[in-house]
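Asks: Next come the chains, spelled out residue by residue.
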Amino acid sequence: MLKASVISQRLLKDNFALLWLDKTPLKKPPRPGQFVMLRSWSTLEPLLARPFSIHDLNEKAFAVLYQIKGRGTSLLSQVRRGQKLSVLGPLGKGFPTPPTPKVILVAGGIGIAPFLFAARWLKAQNYKIHLFYGARSRKDLLRLTAFRALKIPVTITTEDGSAGHKGLITTPLSQTLKDKAVTVFACGPLPMLRAVARLTQEHNTPAYLSLESRMACGLGLCLGCVVETKHGYIHVCQEGPVIEAANLLND
Amino acid sequence: MENTSKEAQVKLDLSVSLGPLRLQNPLLLASGTWGFGEGLSSYLDLSILGALVTKGISLHPRPGNPPPRIAETPCGLVNAIGLENPGLEIFKRDIWPRLACFKVPLLVNVFGQNVEEYLAVVEGLLETKIQGIEVNISCPNVKKGGLQFGQDPKTVALLIKDIRDIWPRLLVVKLSPVGPVFEVAESALDAGADALTVANTYPALVVDVIRRKPDIAAGFGGLSGPAIKPLTLRLVREIYRRLKAPIIGCGGITSGQDVLAYILAGAKAVQIGTATLLDPMAPARILEEIEDLLRQIHEYRLAQLTGELQD
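Chains F and C, in that order, are what the protein sequence lines are. Quick note: the first sequence, position 136, residue 136 per this note's numbering, numbers continuous. Quick note: the second sequence, position 260, residue 260 per this note's numbering, numbers continuous.
Looking at chain F on its own, in the form it has when it is part of the complex (with noise of 0.2 Å):
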């Protein structure tokens, strides 16, 4: 793995945490939806490098945006400032170029971590955005100001009503399905991603979700993080994250 300085790393509410890298040591200019492999401990254990998908990128540095839920991130969320970590990437297929004008993101919970980079990428492009966002609760929505700052309409959900509609990011999204030619980018719980898919396979939108799994090299090495799609199983690190909608097996 190549090593990066750590630019900054700011908790975000309880456990959430956003880290800026210095982004010499990626190997290309990544693509929203890419991921990148970070090791930030020199010991066999715990023995693999965490997968995370590139949350923003500037000129200098990438960032990625994580929930500290294990080992891995709660040793990730202890590096500071000018320490160096290892890093691999940019890894797999990011989310494709629109067919539409028009971009919905819809993010689930820790979901939103491609779409702060995927929303820049797009208003470059000049693409309309919407963001779908649907969270259990207030204090799991993350990165709100930033999406406000680049004028990205934002439509909420949570779980147990304490911010925006109570219920699931799917019922709004049905309703703006139904009038819009439309491209939808998703990343979240898998449940929510089978819906997304069956949604938009209702209405004929072009829709790619970003998947995750267990992965041990990223490389496509190890053959570990397979999902079945209805062209059998496929490789995460490789032939994904990003997949077509059309391609997710239903349940």
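Don't read these hints as lab results, they were simulated from the structure. There could be a bad hint or two in this list.
Claimed, not checked - These stretches of chain C come out as covered by chain F in the derived footprint (C-beta under 8 Å, 3 or more residues):
hint: 1; region: 32-43
hint: 2; region: 75-85
hint: 3; region: 279-285
As the list claims (entries may be wrong) - Here are the simulated distance ranges between beta carbons:
hint: 4; chain 1: F; residue 1: Asp22; chain 2: C; residue 2: Gly219; range: 18 to 28 Å
hint: 5; chain 1: F; residue 1: Ser5; chain 2: C; residue 2: Pro74; range: 21 to 31 Å
hint: 6; chain 1: C; residue 1: Gln257; chain 2: F; residue 2: Arg71; range: 20 to 30 Å
hint: 7; chain 1: F; residue 1: Lys230; chain 2: C; residue 2: Asp165; range: 36 to 46 Å
hint: 8; chain 1: F; residue 1: His231; chain 2: C; residue 2: His298; range: 12 to 22 Å
hint: 9; chain 1: F; residue 1: Lys13; chain 2: C; residue 2: Tyr300; range: 41 to 51 Å
hint: 10; chain 1: F; residue 1: Lys230; chain 2: C; residue 2: Leu205; range: 24 to 34 Å
Using N, Cα and C, we set each Cβ at its ideal position, and we do this for glycine too.
Assemble chain C onto chain F, guided by the hints.
Replies: Same frame as chain F, now just chain C:
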């Protein structure tokens, strides 16, 4: 230390012989840990290695196991990939020509569900210019009710003898680390194997207590990584002592120190697997570490160190 610069000029000889092959160094990439080179070659120059051992190839394509296929454990990784591979024909047509470009000896790992399938794969490989095969005997034998080939010394003897009859190039047998390991090792050698890979992953179980289910869809998996290194080192030592067999050590190597430990225990060469998954650049680093260590201990021919553990 004062003559470091002088010593640095002495040319190290890392080469090792394996059956009819002479390898430039003892570092091989283990089966199933480097794809078919696509992703890895942008991070690692494969031509610096001693040899490559491919993902297991079967007569027919196999889709592999459902997910989850992997689980992380303390200093280890449990996997049940399920021998996913494109099958012999696609390997010969699309993959082998591409791998030949890497300019490094290639061993194809082969397996089958019965003796006939093994032989069909080996026969098909005769039409390629691969340098050798590694026979995976940790594979359920359909005709013997799913018992692994590798658990029965007599079956192994018959299988390897049949393969030896048609395969004149390098023939390596990859042992399971459990079961009658020494009897199987002896059978494989008596039947004509040129070398033994010691060893495959250890059968293992990871439990998801909330769901009350195995944490890998297939149920059991195979444990690899630094956690298994002392266990496999001991196997290498015992097999070397008992059989003086040519051994390729394989289990948990992540450093040059680990490589030398295996060589001293009795290995002629080693395979790196999980370490490459952790960091695709690890094999290059490990090679450098081997060179540094040899200079440090004033040994300039690596091959002289095989089995030199003082016990």
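Asks: Hint by hint, say whether it matches the structure.
Replies: Results for each hint:
1. 32-43: As far as the region 32-43 of chain C goes, the hint holds, because 9 residues have Cβ atoms under 8 Å from chain F.
2. 75-85: holds (count 6)
3. 279-285: Since three or more residues must qualify, the claim that chain F covers the region 279-285 of chain C holds, with 3 doing so at under 8 Å.
4. F:Asp22 / C:Gly219: 18 to 28 Å: Distance hint for F:Asp22, C:Gly219 is violated at roughly 43 Å.
5. F:Ser5 / C:Pro74: 21 to 31 Å: Taking Cβ atoms as reference, F:Ser5 and C:Pro74 lie about 30 Å apart, which means the hint holds.
6. C:Gln257 / F:Arg71: 20 to 30 Å: 25 Å, holds
7. F:Lys230 / C:Asp165: 36 to 46 Å: Between F:Lys230 and C:Asp165, where Cβ atoms are some 44 Å apart, the hint holds.
8. F:His231 / C:His298: 12 to 22 Å: Check failed, 57 Å falls outside 12 to 22 Å.
9. F:Lys13 / C:Tyr300: 41 to 51 Å: Violated: the Cβ-Cβ distance is about 59 Å, outside 41 to 51 Å.
10. F:Lys230 / C:Leu205: 24 to 34 Å: With a Cβ separation near 32 Å, F:Lys230 and C:Leu205 satisfy 24 to 34 Å, so the hint holds.
Of the numbered hints stated above, those contradicted by the structure are hints 4, 8 and 9, listed in ascending order.
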